[in-house]
Amino acid sequence: MTATNRLTATIRARNAARQGAFMPFLVLGDPSPGACLSLVDALVAAGADILEFGLPFSDPPADGPVIQAADTRALAAGVNTPDCFALLDEVKRRHDKPVALLVYANLIFQMGLDAFYARAAEAGVDGVLVADVPLEEAGPFAEAAAAHGVAHVGLATPVTPAERLARMGEVGGGYLYAVARLGTTGERTDVDPELARHLARFKAAVDLPVLSGFGISTPEHVLAVRRAGADGVIVGSALVRQVADHLDDPQAAAAAVGALARALAAAAHTPINPQD
Amino acid sequence: MRLDGRFGRFGGLYVSELLVPALTELEAAWLDAREDERFRAELDALLTRFAGRPTPLYRSPALSAHVGCTVYLKREDLLHGGAHKTNNTLGQGLLAKRMGKTELIAETGAGQHGVATAMIGALLGLKVKVFMGAKDVARQAPNVARMKLFGAELIPVEAGSRSLKDAINETMRYWTEAVERAFYVFGTAAGPHPYPSIVKDFQRIIGEEIEAQVRAETGRLPSAVVACVGGGSNAIGAFAPFIAQPGVRLLGVEPAGEGLDTGRHGAPLVCGRPGIVHGSLSYVLQDAHGQINEAHSISAGLDYPGVGPEHAHLRATGRAEYLAVTDTEALHAFRWLSQSEGIIPALESAHAVAALLAHGRSQFGPDDLVVVNLSGRGDKDLDHALAALEALA
Chain A
0 MTATNRLTAT IRARNAARQG AFMPFLVLGD PSPGACLSLV DALVAAGADI LEFGLPFSDP
60 PADGPVIQAA DTRALAAGVN TPDCFALLDE VKRRHDKPVA LLVYANLIFQ MGLDAFYARA
120 AEAGVDGVLV ADVPLEEAGP FAEAAAAHGV AHVGLATPVT PAERLARMGE VGGGYLYAVA
180 RLGTTGERTD VDPELARHLA RFKAAVDLPV LSGFGISTPE HVLAVRRAGA DGVIVGSALV
240 RQVADHLDDP QAAAAAVGAL ARALAAAAHT PINPQD
Chain B
0 MRLDGRFGRF GGLYVSELLV PALTELEAAW LDAREDERFR AELDALLTRF AGRPTPLYRS
60 PALSAHVGCT VYLKREDLLH GGAHKTNNTL GQGLLAKRMG KTELIAETGA GQHGVATAMI
120 GALLGLKVKV FMGAKDVARQ APNVARMKLF GAELIPVEAG SRSLKDAINE TMRYWTEAVE
180 RAFYVFGTAA GPHPYPSIVK DFQRIIGEEI EAQVRAETGR LPSAVVACVG GGSNAIGAFA
240 PFIAQPGVRL LGVEPAGEGL DTGRHGAPLV CGRPGIVHGS LSYVLQDAHG QINEAHSISA
300 GLDYPGVGPE HAHLRATGRA EYLAVTDTEA LHAFRWLSQS EGIIPALESA HAVAALLAHG
360 RSQFGPDDLV VVNLSGRGDK DLDHALAALE ALA
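Read top to bottom, the protein sequences are chains A and B.
In this text, residue positions in the first sequence follow numbering that gives the first Met the number 0: the first is 0, and each later residue adds one.
In this text, residue positions in the second sequence follow numbering that gives the first Met the number 0: the first is 0, and each later residue adds one.
Keep in mind the hints are simulated off the structure, nothing from the lab.
Wrong hints could be hidden among the right ones.
Under 8 Å between C-beta atoms, here's a sample of chain A residues computed to sit facing chain B [said to hold, decoys possible]: (1) Val132; (2) Pro133; (3) Leu164.
Taking beta-carbon pairs under 10 Å as the criterion, some of the chain A residues facing chain B (in silico) [claimed, not checked]: (4) Pro64; (5) Thr71; (6) Asn79; (7) Leu106; (8) Ala130; (9) Glu135.
The C-beta atom is built at its ideal place from N, Cα and C for all residues, glycine as well.
Chain A with its partners taken away, still in its complex shape (with noise of 0.2 Å):
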């Protein structure tokens, strides 16, 4: 599925022409339907090779506060899993972007591994990161994705060890979600010294692009980022931010998650080379 799956394709793309892949991400329904709908077009606009989104969750303890807010604004405007599913119908008709998903595993349990990954194929989802399920419990989940095409995306760590990665390579696909440091996710003030290493472990373990998120909040984390080694960059909290700070203006929502995202994304698509 690997070589085949438009997440790693994509990626593969942007790396050839010495470029790294923007995925942004944002809850699904933050702050309403209607409005989150608006801030993927933003997105889209201004560079997204891939977008991410969080189904909102009552409990997400792998987040920082930022998404947590945004996944209670979610549910607050009535977002449910059905819900989510439809806006991302719609962000199919919209846009030809890969998509990934990251979710807690209970809403995958309540509605049923197999219907669920049957769903999200429809809706055109790429990749699934399950934020609480680690390797020991991926079986099930990573057969019900594969059964409809989708990658099961691995998280790995700077604790992670060798072994670990190699299984991770075996049972995901898409790309690697590379965390740059120990910690939730939430914007940080500068990027781990030890990044470069980390993700050269990654790589040579893995067969599969690597992403690095968590904490990556301007280009100059992009960019760092980037000359570590990572193929692409995953930015939630600072774009979820933006979002939380212009709550009574939508208009104003989107054009300030679009003016970031694209200074993210020329980050992103300045083309490097590793070592520079």
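We have chain A already, so just place chain B on it with the hints.
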């Protein structure tokens, strides 16, 4: 991981990949420690001399007369700290020291587990950070004061519903960043593997003492063991040695809150569905899509939308029976035991007493011997419970 942490289909390890190394290290340390006689000896010495084990088994004349059988109370309310929580925090604290960790972190709802962790941190010379929902901080002032007196740092959690489940989320978050120095002292027999097994290991002393004390006094096994169930640690500890002895009925009592039909309760085993939250597959209070509902109980210690996965398995297999009693029934039992026996039970434990008051006579006969685990003392609940009782009158 050497074990899969499953109880039948329940349990498991549903956490971010980021936490797997910490849980793997914890599992290894625990499996190693439980085979180490010196660890056991150190823990036993502290349980005896610091915490006051064994706790008494007391034959309750009033409950025996009311139910019409022999009823014993297992007096965990007399354990240092005022509840069974000390068994667990002492064990996990020693485990943390053995692993070379310098900081204990804990979630707390009512504050009992926070107090028990802060107390053990003071005893063992470990720094303690306690995460507590902002709503609970406001309504549990005495326990907040106790934690601070023990030298713990208290972190109010403003996210989500500002209660226990959010405190757990926040502690997991903090742990993700601080795994190298911090030991997460989990408060109940729930959460990701290996916590349900570790907490059961440290709480099974309750059941082992019950078995030995009942045998010594009567030469037989109890007919039934009754315990309240929030996350389920006192219950799994009291049940543990009897699970493989089918002649002993195991009764878990959940909080029915304002009534099971009102939706305002904390009874996932009686009313919930299987789901994945806080690291394991168990019964969960949730909506149709899998969003976790807030629990409700007059007892903050039972106010939790999930439950330990072994209870889920015991329910699914029918080995244990679970029922629920309301806030009102628990309050009446709280006053009844105080007035009839001179023992003020924790509101949590009052649920177990209430179940026996309501259903004991129909379930048991004169030859039966029932043990109720009185998991904690009720001093912490006085203001709250007396006000609530007054409102009922």
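Item to check | Interface hint compliance - A:Pro64 to chain B, C-beta minimum distance less than 10 Å | outcome: holds (6 Å)
Checklist entry - When the nearest CB of chain B is found for A:Ala130, is that gap smaller than 10 Å? => result At about 6 Å, which falls below the 10 Å cut-off, the nearest Cβ of chain B leaves the hint on A:Ala130 intact, so it holds.
Item to check | Hint validity - A:Pro133 Cβ closer than 8 Å to any chain B Cβ | outcome: holds (5 Å)
Next on the checklist: Tell me if the interface restraint on A:Thr71 is satisfied: Cβ within less than 10 Å of some Cβ in chain B.
Outcome noted: A:Thr71 check passes; min Cβ-Cβ to chain B is 7 Å, inside 10 Å.
Next on the checklist: Would the hint on A:Leu164 be counted as holding, given a Cβ-Cβ threshold of 8 Å to chain B?
Outcome noted: The hint is violated - A:Leu164 has no Cβ within 8 Å of chain B, the shortest such distance being about 10 Å.
Item to check | Hint check: 8 Å Cβ-Cβ cutoff, A:Val132 to chain B | outcome: Since the shortest Cβ distance to chain B is 6 Å, the answer is holds.
Checklist entry - How about A:Glu135: closest beta carbon in chain B under 10 Å, or not? => result holds (5 Å)
Next on the checklist: Does A:Asn79 hold up as a contact with chain B if the rule is Cβ-Cβ below 10 Å?
Outcome noted: At 4 Å from the nearest chain B Cβ, A:Asn79 passes the 10 Å test, so the hint holds.
Checklist entry - Taking the closest Cβ pair, is A:Leu106 under 10 Å from chain B? => result holds (5 Å)
When held up to the earlier numbered hints, the structure conflicts with hint 3 and nothing else.
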